[in-house]
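Here are the chains, one letter per residue:
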Amino acid sequence: MMKDDRMTCAECDELLSGYFEDDLEPRARAEVEAHAAGCARCHGLVRDIDGIRSSAAALSDLAPSRDLWQGIEARIQPSVVSIAAPRGGARISRRWLAAAAAGLVIATSGVTYLATASFLGAGRDRAGQSRPAVQTERVAGATIGAPSAGQDPATPERAGAAEVTTGAGAPVLGGERAPRNSYVGLASRVAAPPATASELALSGEIARLQAVLRERRTELDATTVKVVEDNLALIDLAVRQARAALARDPASGFLSGQLDNALQKKVNLLRTVAMLPSST
Amino acid sequence: MQSSAPIDDAADVALAASGDRRAFERLYRAHVNRVFSLCTRMCGSKVRGEELTQDVFVRAWEKLPQFRGDAQFSTWIHRVAVNIVLTDRKNEARSRKRLVEDEAESGETPLQRASVTPGYGDRMDITAAMEMLPPGARQIFVLHDIEGYKHEEIAEMCGITAGGSKAQLHRARLLLREALK
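Keeping their order, the protein sequence lines are chains X and P.
For the first sequence, the numbering used here assigns the number 77 to the initial residue and increments by one for each residue that follows.
For the second sequence, the numbering used here assigns the number 4 to the initial residue and increments by one for each residue that follows.
Treat the hints as calculated values from the structure; they're not laboratory data.
Quantities reported herein were computed from a predicted structural model and do not represent experimental measurements.
The C-beta atom is built at its ideal place from N, Cα and C for all residues, glycine as well.
Don't take every hint at face value.
Just the calculated beta-carbon pair ranges, DEER-fashion [to be verified]:
| id | chain 1 | residue 1 | chain 2 | residue 2 | range |
| --- | --- | --- | --- | --- | --- |
| 1 | P | ARG82 | X | ALA110 | 36 to 42 Å |
| 2 | P | GLY72 | X | SER141 | 52 to 58 Å |
| 3 | X | ALA113 | P | LEU18 | 23 to 29 Å |
| 4 | X | SER130 | P | LEU18 | 36 to 42 Å |
| 5 | P | ARG51 | X | GLY333 | 41 to 47 Å |
| 6 | X | ASP325 | P | ALA14 | 32 to 38 Å |
| 7 | X | ASP143 | P | GLY151 | 24 to 30 Å |
| 8 | X | ASP126 | P | ASN86 | 29 to 35 Å |
| 9 | P | ALA14 | X | ALA113 | 53 to 59 Å |
| 10 | X | ALA178 | P | ASP128 | 53 to 59 Å |
| 11 | X | GLY127 | P | ALA165 | 23 to 29 Å |
| 12 | P | ASP128 | X | ALA106 | 45 to 51 Å |
| 13 | X | PRO102 | P | GLY162 | 30 to 36 Å |
Work the whole structure out from these sequences, hints included.
Right, dumping it as structure tokens:
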């Protein structure tokens, strides 16, 4: 460090930030320049920082290692805008999510149950004997990217329990392993009603949203994930019940509407969760 | 901030604001590299930069109806990106409070620790050195020296004073110089 008549290196250091930001008065600036011109240490400092500034300004753009559009597109489905509408900064709370999902499941399941019970009651009267009502079916495939605890991903599903979701193992229909998300397989079965237009339309969207959720699973709060999975399982149960009822009464517009409504509710829930902020 | 290459985005912006995803994809293709560069350099990780880039475009899609066209789309989406990264940093800082405290206690940054390793500086380029800057200093260095924001703009975005921004910038430059020597 050298001693200059007008300025020391320490004094120069104190002024360097202002020097580079053009904050110095002309006189102070001239003193820094004069000092740097005669001081190897400070001259090197000014030169190096100038070099860093030039290098930084000349850096070229980077490119992602993969195409990010697919992941973005899956998250910007048209109606996501309205769901994610908390423009005032409001956030969807976990409690709200759970309450909303539970409410829609109760409503959907209740109406479907009533319709199914009514239909089966009529069938029992006609047959003159009691027969099993729609059996409670194991809830499967309602996970986000992973099977439920204790669930074998390859466990066959009971016939008629065609699954909408793709997160778990592929359902088995009539003893044959069906492709995942296969409404075609369902529709081709004699006992099953043909897939509705809404089913066909929503199946792709459900698959895309579940793919998003699989990617985001680790980002979300574990409790939120649990709540979502539980509610998806309930919705799936409602879907299966509606479908089972529809299989017995394919002409019922009411049941068809219930099925579509339940599927739409599932899409809405998945979209909402896809837009939840990360837990970090 | 520094001007970008002139890109006539107006038509696609209008279409995208009305829900046209094809138009929004064209905007994405035109701007993804700059947004990714900003995100990656500010957060110091390419992997996280990719995640943040996706968040930026999703947020841009949501906010596009509010874009009034007062500024260029490139300027606007860069501002969106900066806000996303800064918010992410705040969230990360909360979740990693312990690490931050450890760093504060030691009074040493990752770059300072690394720069004492023999031979470290010999092969280091400015990009690698930037990744090792303390987060606050790195973000201000990126915003000012690479992206061309003014200290007043940085101060507003980061919630600090312009003087604080200048001090952090000078600190970042000095740390980089040490690493690059």
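Each hint tested on the structure:
no., hint, verdict
1, P:ARG82 / X:ALA110: 36 to 42 Å, "holds (41 Å)"
2, P:GLY72 / X:SER141: 52 to 58 Å, "violated (33 Å)"
3, X:ALA113 / P:LEU18: 23 to 29 Å, "violated (57 Å)"
4, X:SER130 / P:LEU18: 36 to 42 Å, "holds (39 Å)"
5, P:ARG51 / X:GLY333: 41 to 47 Å, "holds (45 Å)"
6, X:ASP325 / P:ALA14: 32 to 38 Å, "violated (51 Å)"
7, X:ASP143 / P:GLY151: 24 to 30 Å, "holds (28 Å)"
8, X:ASP126 / P:ASN86: 29 to 35 Å, "holds (31 Å)"
9, P:ALA14 / X:ALA113: 53 to 59 Å, "holds (54 Å)"
10, X:ALA178 / P:ASP128: 53 to 59 Å, "holds (55 Å)"
11, X:GLY127 / P:ALA165: 23 to 29 Å, "holds (25 Å)"
12, P:ASP128 / X:ALA106: 45 to 51 Å, "violated (34 Å)"
13, X:PRO102 / P:GLY162: 30 to 36 Å, "holds (33 Å)"
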